[in-house]
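Going line by line, the protein sequences match chains A, B and C.
Residue numbering for the first sequence follows our numbering, beginning at 65 and increasing consecutively.
Residue numbering for the second sequence follows our numbering, beginning at 62 and increasing consecutively.
Residue numbering for the third sequence follows our numbering, beginning at 12 and increasing consecutively.
Watch out, some of these pointers could steer you wrong.
Below, in silico cross-link-like pairs of lysine to aspartate or glutamate (EDC-like), each with a Cα-Cα straight-line distance of 20 Å or less [unchecked claim]: (1) C/Lys206 - B/Asp215; (2) C/Lys313 - C/Asp368; (3) C/Lys189 - C/Glu413; (4) C/Lys189 - C/Glu153; (5) C/Lys411 - C/Asp223; (6) B/Lys265 - B/Asp109; (7) C/Lys398 - A/Asp183; (8) C/Lys289 - A/Asp183; (9) C/Lys381 - C/Asp223; (10) C/Lys398 - C/Asp296; (11) C/Lys214 - C/Glu175; (12) C/Lys137 - B/Asp109; (13) C/Lys157 - C/Asp359; (14) C/Lys242 - A/Asp194; (15) A/Lys252 - A/Asp239; (16) C/Lys206 - B/Glu321; (17) B/Lys265 - B/Asp72; (18) C/Lys214 - C/Asp385; (19) C/Lys411 - C/Glu175; (20) C/Lys242 - A/Asp68; (21) C/Lys137 - B/Asp234; (22) C/Lys137 - C/Glu153; (23) C/Lys82 - C/Glu316; (24) C/Lys309 - C/Asp368; (25) C/Lys381 - C/Glu135; (26) C/Lys293 - A/Asp194; (27) C/Lys355 - C/Glu316.
These aren't lab readings, by the way, just hints derived from the structure by calculation.
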Amino acid sequence: MPIDVYLNVAVAGILTGLVYGLMALGLSVIFGVVRVVNFAHGEMMSIAMYLTVLLFSSLNLDPLVMLVPIAAVLFVFGYALQAGLINPFISRPEHSQFLLLVALALIIVNTLLIIFGPDARTVQTSYTFDSFQLGALIVDATKLYAGAAAIVVAALLFAFFRLAPLGKAIRACADNYTGALVVGLDVKRLYALTFGIGAACVGAAGVMMTLIVDVTPIIGPTYTLLAFVIVITGGLGSMAGALLGGLLIGVTEALAGLLFTPSAKSMFAFAILVLVLLFRPQGILGRRSI
Amino acid sequence: MVAKTPVHVLDYLTRLTASVFADIPPRAMILLVTLLALLLIAPWLINDYLLTVLIVVLYFAFTGQAWNIMMGFAGQLSLGHAIYAGLGGYIAAVLFARFGIAPWLGFLAVIPVAAVCGATIGFLAFRFRVAGVYFAILTIAFAEFARIGFDHLDFVNASAGLFLPVAQYAHNDLWRLRGNPTMFYYVILTAAALVFVLCRALLKSRPGYCWLAIREDEQAARAVGIDSFHYKMAAVMISAVITSFAGVFYAFFYNNLFPEQVFNISRSIEMILGPIIGGIGTLFGPILGAFVLTGLAEALNTALIALGFDLPGAKQVFYGICLLLVVVVLPDGVWPWLARLIGVDEARR
Amino acid sequence: MPRRNHLSRRYLLASAVAGATGLAMPGMVRAQGAGGRPPLKVGVLLPRSGFEASIGQDCQRGVDIAPGILKSLNLPELAVMNADTESNVDVARERAEKLINDGAQLLVGAFDSGQTTAIAQVAEQKGIPLVINIAAAPDITEQGYKFVFRNFLTAQMILGSAFENQLELFNLIGAAPKSVVYMHVNDTFGTAMSKGIGAVMPKFNMPYKIADEIAYDPTARDLSVEVTKAKAANADALLVVGRLNDAMLITRELVKQRWTPQAILSMGPGWYEDQYLKTLGKLSDGPISLVPFQDPNKKLTKVLEAALAKAYPGINLSTNHVYTFEALLIAADAYKRAGTSDPKALADAIRTTNITDNVSIGPGIQFNAKGQNDKLKCGTIQNRAGKLVVLTPKAAANAKPEWPMAPYQNRA
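Could you build the full structure based on these sequences and the hints that come with them?
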């Protein structure tokens, strides 16, 4: 096979990986700090995707313009969800959290089905089908934008958790829950904020995803699982880890698809996950906490 | 534990039986006997539709019980139990469809495979100290491996699906598991009852106590000399083998298998909802959970239809809300609460 | 007896009357309704939620437009009881039991082969006829069932007919691709088709070779690599067996990767579906589908088209509606001839069905000893400016083929 095929596939894998990473960033924040197994992650993203579709079809707003507003809406949603529903579950066993979020996921999926119907919805902008050609290399424009957004969001989050006092306080909660209580941090509010921030990332990811895939009510579960694979591979709570995890999974799947049969390519993603779990359980870039 | 002569075996069995039925509170005993009696005569009391519903209830009671050994007793959260059911179903079905081997003999072939599969997952996890959510994700990964693998396995027809030849329902053939729903009902009822007794026996014997010790505090359990690795391995393997029988039953009851269906993560989730809702770690929780969930789904369906409310998805929304309410209001599950209410709350162990 | 079965609003009154007279027991309905005979209770099972919701709800449209048409054909009325299988085999079986328990005298369903198999067992055991609307797994009619009938093509029949139609098409345009790259989804239907290709294709002496075979995941979120791989095979045309989701993904990638094959030949759903046309607009033009379809020249097709346009404006009539409607047509026709709702008599009547005034391509509706309509044929369908035209077989054709496909880049 000619070399430019490998090049194209590698670039496609990198871009897809960054998009995956963007999608998983929110989970990394939530799972890494609040330690809640958010099994409704993909479903939360599908809410953002439907919001984008709705605003695009009714007001003809470009998704890139809606990035910040929809992230804000999801922030409120996440904050309320944590403060109102999930908070009592933080100290409960994982299976209890799991059930709560599976129930939530079921409600979200089927509410979307009732409201929007089962058919795939899409956002078709003037740049949906754009691609850049550099010699034999063809680069998908929307994926490039989404990849850039992933890097920007990850950088913002990194800066927030390193530099902002609020971010430092959240990290303190993640590092030492009891200690945070002792020094007088309002852990409940900080957790709600964290969940909100995670949800805002999911919202931003959802907006970008609508440029790349069609949204259906049942799109959630696949992305939930994928996000967990990426976050655990990359390292919990590490922003760079989520991106790296996404890249690793994206490129592996792409090359596996090229060299073997593409229908079995997810096997390679799971193989990486198993290897990471066994030999580096904290993830590639993970430390004990953020 | 291996007895050498028939007398010893008999003696051992007697003691085991005695221990299984010892110190059950009288009210719980009455409840159990009544329930069993009702279930035994159920086919004469209810119509075919409700019988099918009861088969589903007992199926989930059975798988819930099996999963509970791992999670409720030994504290290991598995989210990939579909792999054992899927392996059981596929192996027994392929042996039957290709070579005419009866499912009971097929199950003998399933047992070592399920045990080895469970042992592999357990060994990797426990040796490399993968625990909690990470363990759960590891089990999902293996189930997904199996799903994609079977999707490409031509010997079992890959993703085109494996269909069992369906005999006409002239008579019931228990040996080959070909027959009407009443026969399947008694098969799954017997299996559910047996696994209930087995779980009780396990809980009342050394492994049970060790598992509970590990579940509560593994460090402390090791400190008092419990070989936690071996006991956790035993829990995974027992749970895997029992679950694999559910797969055999599923294959012969529905007569078709698709990797996309049987190894799907939603299958694993369905299996564990019952015991969580019913009450993890209790013997009665998985049974009650299966009744509550399946009953709830059917009741919602019937209610929505009666209201002339034909909206796909509505049932699932209400179902989700009910799950949510239960887990918020009764974090330990329905059974511990119900048991306190009717005065048989010795059940949580 | 509480009436729990769902009936559409139109039948509520009629059934209330039946219920009030205490004659709602299955098989005992002897009351003479306004139309001479009480409506036949037909349980329709479709996956209207879960992962097949989109198709299930599309099939449902075929059910919703049926009553008026059946009436205009002077066929007896049907009381439709809808049930949702939730895209799940266990639920499908339970729902079938419940429908029969609630008095259904005939079942129709269920699009998916696994769910249909589960329902077929219940139907057979209870002795209630099942008319399958859509399901392609051959095994279903190979079990010796006496109450199960399928008015749809098996995977092998689809393949055979699809190759036949391709030859006719190539003959018509006087050109043919020399090589194709074959992409297929690795699900039940895709795999059944792929297994068949090896056996069926040599029989037809096709003008092309398969340059590469690419199987992809049914839950694929991204097909960029698959399309890159396909493009690298340097084939003239793209042969596909897929579904709606991946049809749209592949098309987008073709545009982005700037590859317009000479033709896209699809032997499955997706490429001609309404959503594909709507979502992709001008980019949906050109693909050719070799699939079970309606014969646009048949009288009843025009009736069905008009009814669908009235009830669901903007939706193109296609496979899901056609075969679901025909299942109900078979039920009503059998009920008329049997003169009774006795399931055994109904099954006997269905076995002797001979409807030539129908909708789908082929000579009409008849069943062989196995309960399979083995006379059904595929058609060659092309997407043209948001509409679907039929190119072959000749009897059903209503347009000339456009060949090769217009390059995607010139469609601004």
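Against the structure, the hints:
At roughly 10 Å between alpha-carbon atoms, C/Lys206 and B/Asp215 fall within 20 Å of each other, so this suggested pair holds. Of the pairs offered as hints, the one joining C/Lys313 and C/Asp368 holds, with about 12 Å between alpha carbons and a cut-off of 20 Å not exceeded. Restraint check for C/Lys189 and C/Glu413: satisfied, since their Cα atoms lie roughly 18 Å apart, inside the 20 Å limit. Simply put, C/Lys189 and C/Glu153 have alpha-carbon atoms about 37 Å apart, too far for the 20 Å limit, and the pair is violated.
About 30 Å separates the Cα atoms of C/Lys411 and C/Asp223, which puts this hinted pair outside 20 Å; it is violated. With a CA separation close to 38 Å, the supplied pair B/Lys265 and B/Asp109 exceeds the 20 Å bound. As the CA atoms of C/Lys398 and A/Asp183 are separated by approximately 19 Å, the hinted pair is consistent with the 20 Å bound. Proposed proximity of C/Lys289 and A/Asp183 is supported: the alpha carbons are some 11 Å apart, at most 20 Å.
Distance restraint check for C/Lys381 and C/Asp223: the Cα-Cα separation of roughly 37 Å exceeds the 20 Å cut-off, and the hinted pair is therefore not satisfied. For the hint linking C/Lys398 to C/Asp296, the alpha-carbon distance of about 9 Å falls within 20 Å, and the restraint holds. About 10 Å separates the Cα atoms of C/Lys214 and C/Glu175, which keeps this hinted pair within 20 Å; it holds. Between C/Lys137 and B/Asp109, the direct Cα distance comes to roughly 10 Å. Compliance with the 20 Å bound is thereby established for this hinted pair.
With a C-alpha separation of about 9 Å, the suggested pairing of C/Lys157 with C/Asp359 holds against the 20 Å cut-off. Proposed proximity of C/Lys242 and A/Asp194 is supported: the alpha carbons are some 18 Å apart, at most 20 Å. Taking the CA atoms of A/Lys252 and A/Asp239, the gap is about 15 Å. The hint holds against a cut of 20 Å. For a cut-off of 20 Å, the pair hint linking C/Lys206 to B/Glu321 stands: about 18 Å separates their Cα positions.
Simply put, B/Lys265 and B/Asp72 have alpha-carbon atoms about 17 Å apart, close enough for the 20 Å limit, and the pair holds. About 19 Å separates the Cα atoms of C/Lys214 and C/Asp385, which keeps this hinted pair within 20 Å; it holds. Among the hinted pairs, C/Lys411 with C/Glu175 is consistent with the structure: their alpha-carbon atoms are about 17 Å apart, no more than 20 Å. For the suggested pair C/Lys242 and A/Asp68, the alpha carbons sit about 12 Å apart, so the restraint of at most 20 Å is met.
With a CA separation close to 18 Å, the supplied pair C/Lys137 and B/Asp234 stays within the 20 Å bound. Between C/Lys137 and C/Glu153, the direct Cα distance comes to roughly 19 Å. Compliance with the 20 Å bound is thereby established for this hinted pair. For a cut-off of 20 Å, the pair hint linking C/Lys82 to C/Glu316 stands: about 16 Å separates their Cα positions. Annotation: proposed proximity of C/Lys309 to C/Asp368 holds, straight-line Cα distance about 7 Å (limit 20 Å).
A distance of roughly 13 Å separates the Cα atoms of C/Lys381 and C/Glu135; the hinted pair therefore holds under the 20 Å criterion. Annotation: proposed proximity of C/Lys293 to A/Asp194 holds, straight-line Cα distance about 15 Å (limit 20 Å). Restraint check for C/Lys355 and C/Glu316: not satisfied, since their Cα atoms lie roughly 33 Å apart, outside the 20 Å limit.
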